[in-house]
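**Student:** One letter stands for each residue in the lines below.
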Amino acid sequence: MSVTDEITHEPDSDTSPDVAVRLSGVTVRYGDLFAVKDMNLDIPRGSTFGLIGPNGAGKSTTFLAVASLLKPTSGTVEVAGCDTVSNPRGVRAKLGYMPDVMGVYDDLRVEEYLHFFAAAYRVPRSTWKTLVDGLLELVNLDVKRDAMVDSLSRGMKQRLSLARALVHDPEVLVLDEPASGLDPRARVELRDLIGELRNMGKTIIVSSHILSELEEMCTEVAIMEAGQVLATGTPRDIGDRLGQGREIGVRLVGGEVQTFTVASEEEQRDLLIRLVNEGVPVVEFTETSSGLEELFLRVTKGIVQ
Amino acid sequence: MRGLRERTLNPVLAREIKERLRSRRATIVIVVYLAMLALVLQALYWMSDSLSSFNSFDGQPSAASVAILGRQMFEVLVLAILGLIFFIIPGVTADALSGERERQTLVPLQVSLLRPISIVVGKVLSSVVFTGLLVLATLPLFAVSFMVGGVTPGAIMKAVVALLCTAWLVASITMACSALAKRTQSSVVLAYAFSGLIAIGPPLLFVAQDGIDGLSLGPPSVAVLVLSPFAGTADAVGGPINAFGQGEDLDSPLQSMRSLIFRREKADKEDWVAGGNFMQVDGGPMVAVDERGNPLKDRAFKEEWPEKIPFWIRSTSVLGLFSVLALVIAALRLRTPLRSGKRRRRFRRKLSTKQ
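In order, the protein sequences belong to chains A and B. The opening position of the first sequence corresponds to residue 1 in our numbering, with each subsequent residue numbered one higher. The opening position of the second sequence corresponds to residue 1001 in our numbering, with each subsequent residue numbered one higher.
Some hints could be false.
[Claimed, not checked] Some chain B residues judged to face chain A by a derived CB distance under 8 angstroms, without partners named: (1) 1019; (2) 1065; (3) 1067; (4) 1109; (5) 1144; (6) 1184; (7) 1185; (8) 1188; (9) 1333; (10) 1336; (11) 1337; (12) 1338; (13) 1339.
[As the list claims (entries may be wrong)] Covered stretches of chain B, as calculated for chain A (at least 3 residues, CB under 8 angstroms): (14) 1100 to 1106; (15) 1111 to 1123.
The set of hints was computed from the structure by calculation and includes no laboratory data. By construction, the Cβ of each residue, glycine as well, lies at the ideal position given by its N, Cα and C atoms.
Construct the complete structure from the given sequences, taking the supplied hints into account.
**Tutor:** Structure, rendered in structure tokens:
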């Protein structure tokens, strides 16, 4: 069913099979402005990777370069081993891109919209019905199959846009602000959907302003500012590297809550052993994560380009 | 290799046709178009009826005058549709790419496996198909002229092909305008400007040449008319003319245009011969000679004359090249990845997405 079965796009390089997307020394300039500056990033296969940064940090520019829409001023971007400049079609066969705003065709039904993109991705016509049935079920739009696209709510349009990005069964999904403008219920639905896609083995690169959501969703993050990557890794790793202690909340019998700060996982373990050995009546021992938001504020400096 | 069942129509063409036929605009265009043509035909019929009766001996129009009337109706119809193509196609095509950009639907197309030329050709073809629909809707009107007489099915076929070729040309030029313009309004203005230039530019230049001729600045040439779809259509569709460039009825617009082209080309040819490039040697055929009158090649005059290719073929070829150029320009504008060295604002407009 994958379009890669139809069109063979051999990898251009011997990129590690564990790396889905590799950015090497990527710089993007618009005139005098550096939108992205010497970016080096390896995004592991099967991960959900969050790109965090204030407006103008260069997230969308990075996404455009990854989606083979923009040629970097210098450096290379590889998606599943295909170079985005020398082999953009190879990249497009393996990548699904969902821009932050979904444009609609006024006079097209939901099913027809997906058929159109199935044809655009050269998916064999005989598989269209099964494919569209599966996608509509996945994004929970099967009841809207015959509805006009422009009659859908914003949340539904986002889900349809996601289905569109999945029409050729890509290995890598790039989602630019997928939750932007959605109501709380639509956000939860979208987050669950992204979780399902991760379980299907897709590599997902996502940006969002809602950091708490990204924290729940992402296995790894990169924090960007002024076109540069300031930190990458799991939020916990970043926190450890920054020397930011972990806050541990300990609830005792009777409801009393005490807070401890530890520097590493080892210290956290030692704290628990000590409390138990001292006979402290612990009923709850929880890491109260300071979260991405705090990390973000600590890492970034509020520089605006 | 994929089987026939797996082959699909150009996806952009299929979607455009579906969308266009569902829109209310298409219905309005067809209704207005048919109403205008019917009015033109009715007006012509009223005018010509009195003329035909006047020319007959017994108060009844003669078979010849009825045939001329049929021919006139047909040619006026073709001319009117040609004019409407220049009016309608830019209107319905100008937003083809700029509109996609404005609606934010271009990026998903650009990241698909569709090639830019495939997107552009799909959109141009949809405009041609729409014109085909208009022409199809006009067939009953063509049938009226056919029943009156003086028109052959072959002439109708030629006219349909000429109209579709013109629609392709205008749609291609409009597509280039749509790709180049940042907004649909600019695209509409550009498209009408270029279409107008193609429609009336060559005839105006020809007339201007005549004016220059009056000042003895040089002979008027029909070469400029090669750029006119009207002249090309006239030569392809216009009625038969004799060796002197005269038709049966010079009131028929296309026939009189064809006649003018023929006579002007003949005059050009005679000027050229008089200039000494050709001469008859020993009563034999005309041959090419050098400045001293020595034969250059032993070839007959007809073979040497470059305009042995019919005018309409020359016109179609030149305009076809224009259309290819326009399509290439449009496709190049859609090509990605874009270079990032451009100013950010310009780049953002091109991709219609935020940085």
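**Student:** Would you mind marking each hint as holding or not holding in the structure?
**Tutor:** Status of each hint after checking the structure:
no. : hint         : verdict
1   : 1019         : holds, 4 angstroms
2   : 1065         : violated, 49 angstroms
3   : 1067         : violated, 46 angstroms
4   : 1109         : holds, 7 angstroms
5   : 1144         : violated, 34 angstroms
6   : 1184         : violated, 14 angstroms
7   : 1185         : violated, 18 angstroms
8   : 1188         : violated, 18 angstroms
9   : 1333         : violated, 14 angstroms
10  : 1336         : holds, 5 angstroms
11  : 1337         : holds, 4 angstroms
12  : 1338         : holds, 6 angstroms
13  : 1339         : holds, 5 angstroms
14  : 1100 to 1106 : holds (count 5)
15  : 1111 to 1123 : holds (count 4)
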